[in-house]
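J.: Which chain is which? The protein sequence lines are A and B, in order.
Numbering-wise (my numbering), the first sequence opens with residue 1 and increments by one.
Numbering-wise (my numbering), the second sequence opens with residue 1 and increments by one.
Errors might be hidden in some of the hints.
Here are the computed lysine to any residue pairs in the SDA-like style, where the Cα-Cα straight-line distance is at most 25 Å [as the list claims (entries may be wrong)]: (1) B:Lys-17 - B:Phe-31; (2) A:Lys-123 - A:Val-89; (3) A:Lys-123 - B:Glu-144; (4) A:Lys-123 - B:Val-146; (5) A:Lys-123 - B:Asp-248; (6) A:Lys-123 - B:Asn-254.
Label-pair restraints from in silico Cβ distances [as the list claims (entries may be wrong)]: (7) A:Phe-81 - B:Glu-256: 48 to 58 Å; (8) B:Ile-255 - A:Tyr-70: 50 to 60 Å; (9) A:Lys-47 - B:Phe-187: 20 to 30 Å.
In case anyone wonders, no lab produced these hints; they're calculated from the structure.
Think of the CB as a built atom: it goes at the ideal place given N, C-alpha and C, for glycine as much as any other residue.
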Amino acid sequence: MKILSVENLSRSFGGIKANNDISFEVAEGTTAQDRHAAEILGIPSDKMFAIGWAIGLGCVGVAGGMMANYFFIFTDVGINFALFAFVAVALGGFGSIIGCLYAGIIIGLVESLGGLLIDPSFKLLYVFAIYLLVVIFRPQGLFGRY
Amino acid sequence: MDKLLIAKSEPLWNTDKRIISLISSLIVLLFALPHFGLNSFYLHLMIMIFMHAVMAQSWNVIAGFSGQISLGHGAFFGIGAYATSFLYVQYGISPWISIFLGMIVSGVAAVLIGIPMLRLSGHYFAIATLLIGISFQVIFQRWEWVGAASGVWVPMTSGDSLLALQFHSSKMPYYYIFLVFFIITFFLVWLLSRSKLGYRLRAVRDDPQAALSLCINVSNYKIIAYVISAMIMAPMGSLFAQYILIIDPDRVFNIEISIIVLLITVLGGIGNVWGPIVGAAILIPISEYSRIYLGGTGGAVDLILYGLILMLICIFRPEGLISFFPKNILERKKQR
């Protein structure tokens with residue numbers, strides 16, 4: 001999968017020099033696995049980290065903007081969601097895009113249905129139990145590769 | 001890596017004489033310190049430094065020695081705190097006994113958590129422990145038998161009582177009790193770091209597969225490190241509960257405990273026996289003093305400053321503050 005505009009962005013940052021036809025996703029994945037090996041291949045790992053941060057924070061910004069329409073806003077509001085974000089990524093498997101989506105849906109369903117059907121004061125625990133159960137039987141998450 | 005080649009444990013007397021004299025003079029100084037007319041604020045500061053140094057050392061054993069990042073160490077702190085307070089309130093058991101009961105309970109809890117969880121690697125383990133730490137808080141907030149969200153109130157004795165571990169007239173006894181626990185813990189961890197077990201744990205941290213090829217049972221050693229770490233953490237919870245005499249789940253199972261422990265260790269120098277002392281001795285006074293001088297000004301200037309100092313240290317001293325000391329001076333061998 002090639003994200004063309006992002007690839008151009010990374011080139012315009014002075015990105016990939018030695019190996020010009022490597023895609024942006026591969027470059028990011030390589031940096032995530034082994035930054036020294038990535039630097040040997042001519043991938044500037046510091047820039048890759050910076051771009052990864054930028055894309056991630058951009059996604060969070062979009063999520064926050066959408067949330068502001070129906071949720072109350074206060075300065076600490078992000079803390080409520082940061083924990084579920086960790087769980088969603090780890091449940092889906094690090095580095096897996098589709099895993100994140102499925103994990104997000106699972107977490108949302110478990111939290112709401114568990115609160116509705118069993119006991120709302122233990123809402124957090126149902127999500128945690130699902131995560132721990134999945135990870136015991138599948139240590140790399142649902143769709144993770146490593 | 002050269003340490004891995006030395007497969008036998010090193011005896012303590014095989015240390016540079018200057019280091020031994022430095023450490024023993026420091027111990028004498030700490031024992032004499034309260035007699036120099038410290039007021040109760042400074043005693044409190046010292047008690048907090050001792051407590052956080054031991055807590056950080058506990059995290060250092062699991063994360064620094066065996067390389068597993070645990071973000072849920074507040075759970076063991078809370079287990080220790082609840083063990084003493086609850087047993088004293090319900091059954092009148094002296095805290096001196098229930099400190100050890102708390103250690104055993106948290107050791108068992110560490111085995112039960114460790115067996116399924118330590119198979120996980122890296123981020124997955126860190127997030128699993130984070131969730132377990134929060135789960136303990138949620139469960140204790142709803143558990144009526146142990147007082148639910150209002151916690152446990154330890155009834156106060158009429159005067160100072162060594163048996164009930166309560167001292168109301170002065171902070172001096174607490175100072176000495178924390179100091180003794182601090183010295184014992186650091187001595188034992190120092191021994192651990194020079195023993196065969198310590199070298200094996202570091203082998204597991206540096207390269208699990210290479211350790212496996214040397215017949216080191218990686219998962220067993222991870223669990224051993226986790227249990228040792230939990231058993232160091234629990235007595236501090238017990239003593240903290242006796243120090244403040246009122247505990248509730250929000251305080252003793254707080255996620256901040258797990259985070260501050262991590263901060264102190266990383267700041268002082270992870271994987272080094274002496275790192276947590278340096279980290280606690282720098283970080284706790286900074287947080288207290290910035291709160292005293294800037295906390296009243298509004299706008300959380302103290303927290304901004306605190307965070308700024310942390311970031312600067314992390315950027316310019318990634319190996320921790322212990323790297324300001326000459327390299328390996330604390331582990332220098334006796335010249336033969």
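J.: Sort out which numbered hints this structure fails and list those numbers smallest first.
T.: 7, 8, 9
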